[in-house]
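Quick mapping for you: the protein sequence lines, in order, are chains A and B. Just so you know, the UniProt record's numbering puts 516 at position 516 of the first sequence, and the rest follows in order with no gaps. Just so you know, the UniProt record's numbering puts 295 at position 295 of the second sequence, and the rest follows in order with no gaps.
Honestly, I wouldn't trust all of these hints.
Said to hold, decoys possible - One-sided and incomplete, this derived list gives chain B residues near chain A with beta-carbon spacing under 8 Å:
| hint | residue |
| --- | --- |
| 1 | Pro-2 |
| 2 | Arg-4 |
| 3 | His-102 |
| 4 | Pro-151 |
| 5 | Ser-349 |
As the list claims (entries may be wrong) - Quick list of the computed label-pair ranges, beta carbon to beta carbon:
| hint | chain 1 | residue 1 | chain 2 | residue 2 | range |
| --- | --- | --- | --- | --- | --- |
| 6 | A | Val-175 | B | Ser-351 | 50 to 58 Å |
| 7 | A | Asp-283 | B | Asp-72 | 22 to 30 Å |
| 8 | B | Asp-54 | A | Tyr-128 | 45 to 53 Å |
| 9 | A | Asp-426 | B | His-230 | 26 to 34 Å |
| 10 | A | Ser-558 | B | Asp-198 | 50 to 58 Å |
| 11 | B | Ser-351 | A | Ala-557 | 48 to 56 Å |
| 12 | B | Glu-343 | A | Asp-333 | 32 to 40 Å |
| 13 | B | Glu-208 | A | Met-304 | 53 to 61 Å |
| 14 | A | Met-304 | B | Ser-351 | 26 to 34 Å |
Just so you know, these hints were derived from the structure itself, not from any lab. C-beta atoms are modelled at their ideal positions from N, C-alpha and C, and glycine is treated no differently.
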Amino acid sequence: MTETPSVLVIGGGSTGCGIVRDLAMRGLDVTLVEKGNLTHGTTGRMHGLLHSGGRYAVSDQPSARECIEENRVLRRIATHCVEMTGGLFVQRPEDDDEYFEEKLQGCRDCGIPAEVLSGEEAREMEPYLAKDVKRAIRVPDGAIDPFRLCVANAADAIDRGARVETHAEVVDVLVENGEIVGVEVEHGEKDIGIGKGEPGTREKLYADYVVNATGAWAGQIGDMAGVDVAVRPSKGVMTIMNVRQVDTVVNRCRPKGDADIIVPHETTCILGTTDEEVEDPEDYPEEGWEVDLMIDTLSELVPMLSEARTIRSFWGVRPLYEPPGTGTVDPTDITRDFFLLDHADRDGLPGMASIVGGKLTTYRMMAEKISNHVCEKLGVEATCRTAEEPLPGSSDFSVLREWMDEFGIRSPVGRRSAQRLGSRTDDVLGGWDGPNPVVCDCEAVTRAEIHDAIDHSGTDLNAVRIRTRSSMGNCQGAFCCHRMANELIHDHDELVVRDSLDELYQERWKGERHALWGEQLSQAMLKHMLHATTMNRDGDPAASDSAVDFAAFDVGASPSAAAGGTTGDDPDRAATDGGREGENADS
Amino acid sequence: MPIREDVLVVGGGLAAATAALAARETGKSVRLVAHKKSTLRQASGLIDVLGYVDGDGPRADPYGAMADLPDDHPYRLVGEEGVREGLRIFDDAVGDAYAGGHTDTNALVPTYGGTVKPTARYPNSVAPGLASIDEDALFVGFESTTDFSAPVVADHVVAAGVPFEARGVTIPFPIRFRDDARASRFARALDRDETTDDGRGVRRVLAEAVEEHLTDEERVGFPAMLGDDHDAEVREELESRLGVSVFEVPTGPPSLLGLKLEDRLFEALDEAGVRLSTGNPAVGYEADGDRIEAVYVDRKRKEIPYHAEQFVLATGGLVGKGIGSDRERVTEPVFDCYVPHSEDRYDWSESAAFGDHAFARFGVVPDEEMRPTTASGEPEFANLRAAGGVVGGADVAREKSASGVSLATAAVAGGRAGEEA
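Build out the structure end to end from the sequences listed, making use of the hints.
Structure follows, in structure tokens:
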């Protein structure tokens with residue numbers, strides 16, 4: 001054993017990133033491995049709600065109390081990831097009065113600030129609410145950017161000496177003498193992502209303790225170690241609108257149900273969700289009726305949604321867990337609490353703990369508890385400081401100002417950039433040399449931000465996307481996928497540019513397929529025309545096995561005459577001779 | 001007095017203009033009603049006829065390739081004759097601004113995505129850049145343009161196996177604009193030969209900057225922003241200063257080559273005596289039995305009838321909104337013509353981004369006279385024809401046939417409408 005105890009964390013979602021930061025702050029030697037990008041799993045596939053706790057104020061009060069506590073912490077330490085929109089629990093005429101009162105009382109019992117608004121007052125806040133909305137409870141819900149949050153946690157951990165390996169999939173859990181001693185990972189084929197691993201190789205990583213923070217995938221890691229972790233993955237759909245129909249989180253105030261929340265998120269609104277158990281967290285049906293259900297049901301709260309434009313839909317899987325023997329049938333009844341399974345106590349296999357359940361809002365608190373557990377196991381005495389120390393990007397709020405003069409970019413663009421980057425604005429924009437044009441128009445992402453993201457995530461444009469929001473707007477990458485890829489040419493060859501572009505383009509298409517009607521279908525056709533027709537990316541001879549017989553094609557009407565410079569009419573000479581360009585002549 | 005013509009064309013793009021010109025050639029009175037700016041500003045400005053059939057290509061002989069198309073393809077209806085007629089009308093309309101008419105063979109043009117693509121007609125400024133010409137090329141891009149990366153284009157073109165060497169360099173434009181200035185700003189500076197900081201003309205400073213990088217290349221390619229009104233002059237001066245030929249690489253929106261084509265087409269319409277009513281959408285029609293009497297155009301919430309004997313629908317496809325859709329169905333909004341589509345919207349597309357998407361072929365189903373038909377194959381109306389993107393059955397994006405389908409269907413639809421009016 002080295003002098004500094006070493007910990008290996010599996011999973012680059014919010015929990016894993018939270019743990020790696022926490023342990024690195026406590027001075028441990030810690031490594032995080034993630035098979036895809038950071039946020040690749042559940043974290044990157046949530047609706048971005050920062051819970052006030054109101055949602056659980058009736059059904060699960062301990063969770064509700066944790067939520068409001070962490071809501072306050074994150075507003076302090078993750079300023080640049082949070083937008084405090086406020087939230088409403090909206091009651092329609094057909095919704096139960098008794099439940100409304102229960103919700104209100106529940107909020108108050110849990111210390112969640114809650115205020116009753118009349119229908120009229122609610123509509124004053126959110127003009128597009130249905131005319132017949134009866135009342136609402138106002139709570140401090142917010143929106144949080146899970147991508148930015150994870151990146152900030154990981155970046156801080158790296159600054160404190162942690163190793164973070166993305167695109168490193170665990171292929172085996174190493175057991176020696178009845179004890180878990182590490183994992184074997186396979187580094188991705190291509191040189192993408194961050195970390196030190198050699199592409200396409202396998203690597204054994206040993207550690208004094210292993211934390212399985214893979215959420216819905218925890219059972220798969222458990223299998224490799226030979227222990228049973230019975231996660232119940234439950235899928236939920238989220239549909240993204242092209243604009244913010246509401247600026248406040250709007251919840252339906254009724255016991256439970258599908259399609260009951262609208263979260264304003266950056267330039268969009270996200271409609272959610274369903275809750276349906278699935279067998280495999282990687283492979284489950286994504287169906288059109290789920291999208292229709294979101295639009296049709298939530299139109300009861302905000303009628304204009306029925307005619308509004310959606311830009312894509314995506315599905316996430318919750319890592320639900322309940323202790324053996326509980327026997328809950330409906331996944332919506334399973335607790336949102338999290339569980340730490342110590343495999344030494346539980347299975348007689350020391351060296352590893354698995355984390356299951358939980359919510360993004362309480363990721364930090366979970367990370368704290370798990371880190372306490374790890375430290376206790378390793379005999380380390382160090383206290384948690386994650387609730388006090390701001391994340392990188394959130395340390396100095398005063399940098400959120402207009403950057404127009406400073407960096408020569410237009411004011412709304414500068415504001416958007418500064419909001420995304422928080423206190424890192426100066427580092428990213430201030431350090432940029434050369435023109436800084438907008439690369440993604442929909443989300444106002446500039447070249448400097450793209451390069452900052454490339455510096456931290458390599459050639460993986462999907463990782464660049466989640467760091468910057470580039471290609472996530474209305475056009476879904478029609479106008480910017482290739483521009484993002486073009487930025488790679490500074491340090492990479494053309495084939496890398498092309499592969500990265502193809503991967504990003506396909507990823508964007510995957511979710512857009514669930515929004516193909518009306519305006520978005522029109523937009524998709526334009527995108528198809530630009531990339532297939534104008535650029536001919538689908539019929540690219542460079543990507544084809546058969547060679548093109550160039551000689552069989554037109555060489556122009558008069559190829560030799562087309563070459564210039566033979567006329568003898570040299571304007572420079574004309575100028576110095578006092579000719580027609582005399583006014584522009586060199587002096 | 002009510003507005004009345006022999007032929008009324010609804011639409012404002014390539015197909016509408018061509019249909020109007022075809023109808024006008026029969027000597028009848030023709031009016032074109034167009035709503036918004038056409039989608040030409042989003043198009044490359046190239047005139048593709050047919051480059052691929054079912055993913056197989058690029059094909060050098062577009063006419064030979066037509067035989068391999070499915071029976072319901074618009075080309076199979078109009079035949080080679082229809083395509084040639086469309087190209088003839090186009091060539092007449094644009095005059096010597098375009099090249100390619102000297103041969104039936106496709107040209108391969110470098111694209112701003114770095115590939116090469118087969119096309120039948122191309123602007124003169126594009127001609128020296130053709131991929132089959134055995135001359136080494138230097139591609140030049142500007143630091144602040146994000147759409148066009150000269151090193152990417154050059155290396156990618158080489159990867160396609162072209163018979164020449166290519167390099168790409170990125171230089172600052174001699175005048176510093178706002179970082180995200182549009183292509184049109186660069187074009188205007190070159191048009192006017194604006195002066196740089198040291199008081200010299202921008203064309204000259206640009207040529208000198210390029211010359212520094214030029215080794216033994218015989219041609220230089222720029223993104224298509226070399227002037228607008230005085231584009232020929234700009235290119236000539238650059239060629240003369242550099243001593244090599246200069247060409248443009250077609251770009252995406254806002255596409256100056258597309259906009260110039262639009263201007264040229266509208267000039268041709270004007271010269272031919274086609275009447276133009278622009279800025280208001282067609283929203284409905286009035287019919288007597290199976291004949292349309294008038295199309296209603298919405299002007300400040302008032303519905304104005306435009307009467308005619310014959311009508312041509314050239315409102316575009318999904319992009320131009322000539323074809324509409326909602327979660328349940330696909331429609332043709334003006335006349336509600338039949339548009340075949342699956343009931344399950346997930347059948348409209350494929351999971352591969354460049355798959356064989358059904359949506360790409362959405363459109364009305366024409367008979368041999370280009371009359372949209374009902375589900376049972378009867379003409380929707382006796383005096384309504386369709387042309388361009390609103391016509392279904394062709395995957396113009398994969399085939400590289402968008403302009404050709406517009407020209408050919410418009411030649412037939414417009415010509416027949418004129419004859420019968």
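Here's how the hints hold up against the structure:
With its C-beta approaching chain A no nearer than about 33 Å, B:Pro-2 sits outside the 8 Å limit, and its interface hint is violated. Annotation: interface hint on B:Arg-4 violated; nearest CB of chain A at approximately 33 Å, more than 8 Å. Given the 8 Å rule on beta carbons, the hint for B:His-102 holds: about 5 Å separates it from the nearest Cβ of chain A. For B:Pro-151, the interface hint holds, since its Cβ comes within 8 Å of a Cβ in chain A; the closest pair sits about 5 Å apart.
The interface hint given for B:Ser-349 holds, since its Cβ lies 5 Å from the closest Cβ of chain A, which is under the 8 Å cut-off. Between A:Val-175 and B:Ser-351 the C-beta distance comes to about 39 Å, which lies outside the given range of 50 to 58 Å. Our hint of 22 to 30 Å for A:Asp-283 and B:Asp-72 is violated, since their Cβ atoms are close to 37 Å apart. Distance hint check for B:Asp-54 and A:Tyr-128: the Cβ-Cβ separation is about 47 Å, which falls inside the suggested range of 45 to 53 Å.
Between A:Asp-426 and B:His-230 the beta carbon distance is about 44 Å. The supplied range of 26 to 34 Å is therefore violated. The beta-carbon spacing between A:Ser-558 and B:Asp-198, approximately 38 Å, falls outside the hinted interval of 50 to 58 Å. One distance hint, 48 to 56 Å for the beta-carbon pair B:Ser-351 and A:Ala-557, is violated here, with the actual separation near 44 Å. Taking 32 to 40 Å as the suggested C-beta distance range, the pair B:Glu-343 and A:Asp-333 conforms, at roughly 36 Å.
Between B:Glu-208 and A:Met-304 the Cβ separation comes to about 57 Å, which falls inside the hinted range of 53 to 61 Å. Range check, A:Met-304 to B:Ser-351: Cβ separation about 31 Å, and the 26 to 34 Å hint holds.
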